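Engineer: Listed below are the residues making up each chain.
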Amino acid sequence: DTGVSQNPRHKITKRGQNVTFRCDPISEHNRLYWYRQTLGQGPEFLTYFQNEAQLEKSRLLSDRFSAERPKGSFSTLEIQRTEQGDSAMYLCASRRWGANVLTFGAGSRLTVL
Amino acid sequence: DQQVKQNSPSLSVQEGRISILNCDYTNSMFDYFLWYKKYPAEGPTFLISISSIKDKNEDGRFTVFLNKSAKHLSLHIVPSQPGDSAVYFCAASALGGNQFYFGTGTSLTVIP
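Just so you know, the sequences run in chain order A and B. When we follow this note's numbering, the leftmost residue of the first sequence carries the number 147, and every step to the right adds one. When we follow this note's numbering, the leftmost residue of the second sequence carries the number 359, and every step to the right adds one.
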């Protein structure tokens, strides 16, 4: 069990640029979640995959955000035309079928200048 | 719409004493509750959970109490240790649901 891996750990970008984050879940976990955490807040749900199917999306996920999980393995979260308000920690978590616990990665911190 | 609330942003406790962290929720459909612990620059790590069919769950120094009528749960840490200093998040999910809703966290400082 190597845990949930997220890359890059920190990304600094200029407003208007596109950024992509990658998440490698625990291999036997078929469910994958993306959350966003801003200062002083708890993790906020963005989207959820069961295998390769994206089953739920939060209204927080504007049309500038897109997430994929090809082949039901790793996932990517892309933010297009970044805005300063996108600065946050982006957390990925995975969950085994039948379990009620999310296992989080260390997160990818985005700073938009 | 914050469905899970942690009204104390911070808590300081002397080493060896009890730490009590509180959490309230509004959605009566929630039936599973979790506590996560987060150190700086790390992701949240699972600590302990409780199902709505129970009112108490214990794991070593950590005990979670659930009061369904009050829609309230608490995490007790006894005895508190300096390594317990972290941000603690309460989370909840509903039967058949896939989302987990998190509170805003309580930063615990255990003073040696």
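These are computed hints drawn from the structure, not numbers from a lab. Since we're looking at a predicted model, the values are computed, not measured. Backbone N, C-alpha and C define an ideal beta-carbon position, used for all residues, glycine too. Hints are supplied without guarantee of correctness; some may be wrong.
As the list claims (entries may be wrong) - Covered stretches of chain A, as calculated for chain B (at least 3 residues, CB under 8 Å): (1) 162-172; (2) 176-188; (3) 205-219; (4) 250-257.
Engineer: Now tell me if each hint is right for this structure.
Structural biologist: Cross-check of the supplied hints:
1. Residue count for the stretch 162-172 of chain A with a Cβ under 8 Å from a Cβ of chain B: 0. That is fewer than the three needed, and the coverage hint is violated.
2. For the stretch 176-188 of chain A, the assignment as covered by chain B holds, since 6 residues bring a beta-carbon within under 8 Å of that chain's beta-carbons and 3 suffice.
3. Check result for the stretch 205-219 of chain A against chain B: violated, 0 residues qualifying (beta carbon to beta carbon below 8 Å, three or more required).
4. A count of 4 residues in the stretch 250-257 of chain A with a Cβ less than 8 Å from any Cβ of chain B is obtained; the coverage claim is therefore met, three being the minimum.
Violated hints, in rising order: 1 and 3; the structure is consistent with all others.
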